[in-house]
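Asks: Here the structure of chain A is known, so what remains is to put chain B in place on it, guided by the hints.
Those protein sequence lines, which keep their order, are chains A and B. -12 is the number of the first residue of the first sequence in the numbering used here; add one for each residue after it. 502 is the number of the first residue of the second sequence in the numbering used here; add one for each residue after it.
Mixed in with the good hints there might be a few duds.
For lysine to any residue, the following SDA-like pairs were computed, each having C-alpha atoms within a straight-line distance of at most 20 Å [what the hints assert, rightly or not]: (1) K(-1)(A) / Q701(B); (2) K(-1)(A) / P643(B); (3) K42(A) / N675(B); (4) K35(A) / E779(B); (5) K35(A) / D782(B); (6) K42(A) / K557(B); (7) K(-1)(A) / D706(B); (8) K35(A) / L786(B); (9) K35(A) / P772(B); (10) K42(A) / Q701(B); (11) K(-1)(A) / G27(A); (12) K639(B) / A758(B); (13) K865(B) / A850(B); (14) K35(A) / P672(B); (15) K35(A) / D706(B); (16) K(-1)(A) / L784(B); (17) K35(A) / A673(B); (18) K35(A) / L781(B); (19) K821(B) / R809(B); (20) K(-1)(A) / D773(B); (21) K625(B) / A669(B); (22) K(-1)(A) / K865(B); (23) K35(A) / R647(B); (24) K(-1)(A) / R783(B); (25) K557(B) / L579(B); (26) K42(A) / A668(B); (27) K35(A) / R778(B); (28) K35(A) / N675(B); (29) K(-1)(A) / R790(B); (30) K(-1)(A) / K42(A); (31) K42(A) / R670(B); (32) K35(A) / K865(B); (33) K35(A) / R670(B); (34) K(-1)(A) / R640(B); (35) K42(A) / E774(B); (36) K(-1)(A) / L786(B); (37) K42(A) / R648(B).
Derived, one-sided and incomplete: chain A residues facing chain B with beta-carbon distance under 10 Å [what the hints assert, rightly or not]: (38) S(-7); (39) G11; (40) L15.
Worth flagging that the hints you see were computed from the coordinates, not collected in a lab. We put the CB at the ideal spot given by N, CA and C, even for glycine.
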Amino acid sequence: MTEDLSFEEARKELERIVAQLESGEASLENAVALWERGEGLYRLCLGKLDSAQGKIEELGARARAAKAPQS
Amino acid sequence: MKVEPLVYGDRKVYSVSGFNRGVSSWLERLPTVWIEGEVTELRRQEGWQSIFFTLKDTGDGACLPVSMARARFDALRLELMDGMTVHVFGRPELYESRGTFRLRALTIEALGLGAILAGIERLKRALAAEGLFAPERKRPLPLFPRRIALLTGNEAAAKRDFLTAVAARFPAANVLVAETYVQGPQASAAIVSALTALAQEPDVDVLVLTRGGGSFEDLLPFSDERVVRAVAACTVPVVTAVGHEQDTPLCDLAADARASTPTAAARLVVPDERELRERLDRLHLALEREAQRVFERARERILADGERLGRAPALLLERKRGALDTSAGRLRALSPRATLARGYAIVRASGGIVREAASLAPGKRVDVELAEGAFGARVEDLAP
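Excised from the complex, chain A in its bound form:
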């Protein structure tokens, strides 16, 4: 359910959930569901941060490499 969320979407939803809990309007069952969802989103964000690996590529190098066989 949370897998296809981007970091940004997940973080925004987490913010909304916290605000919803803060408002004090959530019922107990609702609060449990919100909390579980929030935990999931937090772990998703953290996972994205932890798993991201920096990479620097050159578009020109690839374009030249692609063209090379024909020339």
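Replies: Just chain B, lined up with the frame of chain A:
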């Protein structure tokens, strides 16, 4: 030179050479003028006495062949290149042996600062009127771009500054770099095609167009109409960091965000990872705290309910006892004991209460109950 026609009866006929010479000498009487256009098809070779190029109207593409004496051209020390916009001072000329018309250039000037500035100002007003620089066109930059496209010149500084700043703030960033011409006549077209190609690469969420500081002329491509339009039309948000703080090329106005330096651009396109983690942790803490509070409140409510529930049996008993007392009072009031206390007696015979004298006979044994105590007796006589 006067050209003499041949005469055939009443018809005057000119030779080709004579006609060309005539037109040529007539054209030479036209005044010299300044003409603005873009240089294309520049041709020059060692042995040639002249250099040639075509001057193209940047508006409708109309063309004018131009030639210039080699010695004169070399004396200008002008780095003339295709794509340059120039002012040519010259006069029209007919190349007599071929009958072709061209402009004989006496001097060529790369567009002066004033003229360039005026052109940029004109373009700026036109594009602003089109709404290309409107604030509502600006798109927000992604917080966490999957991939950052960097379009830069091949000079090392801007690229290095940007990549260093990105790595320091957010080591996990993915950057796709493309190098292109960023100055000179070919730069505009090169920037446009690289920009379009980069934006089409998968996962690119933001594009950074950067170039280090340079002279006013060096930065001109970034005010070129084609480049400005390409920035505005780019499918992903564009951040520009061109030249120094005080430079404001037109592409800055069309960009979604403008940075004063490549380092500042890096700060705009990637979050500070440490700050991001801290923010995330704060959110997580708030989540736990708030959830805890909801649970705590629910628990308190349940406890309060439980306490009320615990007190309930005692309350019930008390209420029952009260009711019992009332009933007891009423019961007491109804009991014959109070009647006996007033002096009445209950007479029983053969176990039953005697209500009629007729049920008795003389000599019959009766038991008499009083308020205090009881006694046995025998019936003496009966009264009806």
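Asks: State for each hint whether it applies.
Replies: So, going through the hints one by one against the coordinates:
1. About 27 Å separates the Cα atoms of K(-1)(A) and Q701(B), which puts this hinted pair outside 20 Å; it is violated.
2. Only pairs whose Cα atoms come within 20 Å are accepted, and K(-1)(A) paired with P643(B) is accepted, the gap being roughly 12 Å.
3. Simply put, K42(A) and N675(B) have alpha-carbon atoms about 5 Å apart, close enough for the 20 Å limit, and the pair holds.
4. Between the alpha carbons of K35(A) and E779(B) the distance comes to roughly 15 Å, so the proposed pair stays at or under 20 Å and holds.
5. Using a Cα cut-off of 20 Å, the hinted pair K35(A) and D782(B) holds, with the two alpha carbons roughly 14 Å apart.
6. Distance hint between K42(A) and K557(B) is unfulfilled; the C-alpha atoms sit about 45 Å from each other, more than 20 Å.
7. Taken as a hint, the K(-1)(A) and D706(B) pair is honoured in the structure, with Cα atoms around 18 Å apart against an allowance of 20 Å.
8. With a C-alpha separation of about 19 Å, the suggested pair K35(A) and L786(B) falls inside the 20 Å cut-off, and the hint holds.
9. A distance of roughly 14 Å separates the Cα atoms of K35(A) and P772(B); the hinted pair therefore holds under the 20 Å criterion.
10. A threshold of 20 Å between alpha carbons decides the hint, and for K42(A) with Q701(B) the separation of about 18 Å falls inside it, so the pair holds.
11. As the CA atoms of K(-1)(A) and G27(A) are separated by approximately 13 Å, the hinted pair is consistent with the 20 Å bound.
12. The hinted pair formed by K639(B) and A758(B) meets the criterion: a straight-line CA distance of about 8 Å does not exceed 20 Å.
13. Between the alpha carbons of K865(B) and A850(B) the distance comes to roughly 8 Å, so the proposed pair stays at or under 20 Å and holds.
14. Distance restraint check for K35(A) and P672(B): the Cα-Cα separation of roughly 13 Å lies within the 20 Å cut-off, and the hinted pair is therefore satisfied.
15. A C-alpha spacing of about 16 Å is found between K35(A) and D706(B), which places the hinted pair at or below 20 Å, so the restraint holds.
16. The suggested pairing of K(-1)(A) with L784(B) holds, with an alpha-carbon distance near 10 Å, which does not exceed 20 Å.
17. Note on K35(A) and A673(B): the hinted pairing holds, with a Cα-Cα distance of about 10 Å set against a maximum of 20 Å.
18. Simply put, K35(A) and L781(B) have alpha-carbon atoms about 12 Å apart, close enough for the 20 Å limit, and the pair holds.
19. Of the pairs offered as hints, the one joining K821(B) and R809(B) holds, with about 18 Å between alpha carbons and a cut-off of 20 Å not exceeded.
20. Taking the CA atoms of K(-1)(A) and D773(B), the gap is near 17 Å; set against the 20 Å cutoff, the hint holds.
21. Taking the CA atoms of K625(B) and A669(B), the gap is about 37 Å. The hint is violated against a cut of 20 Å.
22. About 106 Å separates the Cα atoms of K(-1)(A) and K865(B), which puts this hinted pair outside 20 Å; it is violated.
23. For the hint pairing K35(A) with R647(B), the CA-to-CA distance comes to about 11 Å; that is within 20 Å, so the pair holds.
24. Our distance criterion of 20 Å between C-alpha atoms is met by K(-1)(A) and R783(B), whose separation comes to about 14 Å.
25. Distance hint between K557(B) and L579(B) is fulfilled; the C-alpha atoms sit about 18 Å from each other, no more than 20 Å.
26. Restraint check: the Cα-Cα separation between K42(A) and A668(B) comes to about 10 Å, which is no more than 20 Å; the hinted pair holds.
27. Pair hint K35(A) plus R778(B) holds up; C-alpha atoms about 11 Å apart against a cutoff of 20 Å.
28. For the proposed pair K35(A) and N675(B), the alpha carbon gap of about 13 Å is at most 20 Å, so the pair holds.
29. Between K(-1)(A) and R790(B) the CA atoms are separated by roughly 18 Å; this keeps the pair inside 20 Å, and the hint holds.
30. For the hint pairing K(-1)(A) with K42(A), the CA-to-CA distance comes to about 26 Å; that exceeds 20 Å, so the pair is violated.
31. Taken as a hint, the K42(A) and R670(B) pair is honoured in the structure, with Cα atoms around 14 Å apart against an allowance of 20 Å.
32. For the suggested pair K35(A) and K865(B), the alpha carbons sit about 112 Å apart, so the restraint of at most 20 Å is broken.
33. With a CA separation close to 16 Å, the supplied pair K35(A) and R670(B) stays within the 20 Å bound.
34. Taking the CA atoms of K(-1)(A) and R640(B), the gap is about 18 Å. The hint holds against a cut of 20 Å.
35. Of the pairs offered as hints, the one joining K42(A) and E774(B) holds, with about 16 Å between alpha carbons and a cut-off of 20 Å not exceeded.
36. With a C-alpha separation of about 15 Å, the suggested pairing of K(-1)(A) with L786(B) holds against the 20 Å cut-off.
37. For a cut-off of 20 Å, the pair hint linking K42(A) to R648(B) stands: about 9 Å separates their Cα positions.
38. For S(-7)(A), the shortest C-beta to C-beta distance to chain B is roughly 7 Å, which falls under 10 Å, so the interface hint holds.
39. Interface hint status for G11(A): upheld, as the beta-carbon distance to the closest one in chain B is roughly 7 Å, under 10 Å.
40. Because the beta carbon of L15(A) sits about 4 Å from the nearest beta carbon in chain B, less than 10 Å, this interface hint is met.
Hints 1, 6, 21, 22, 30 and 32 from the earlier list are contradicted by this structure; the remaining hints agree with it.
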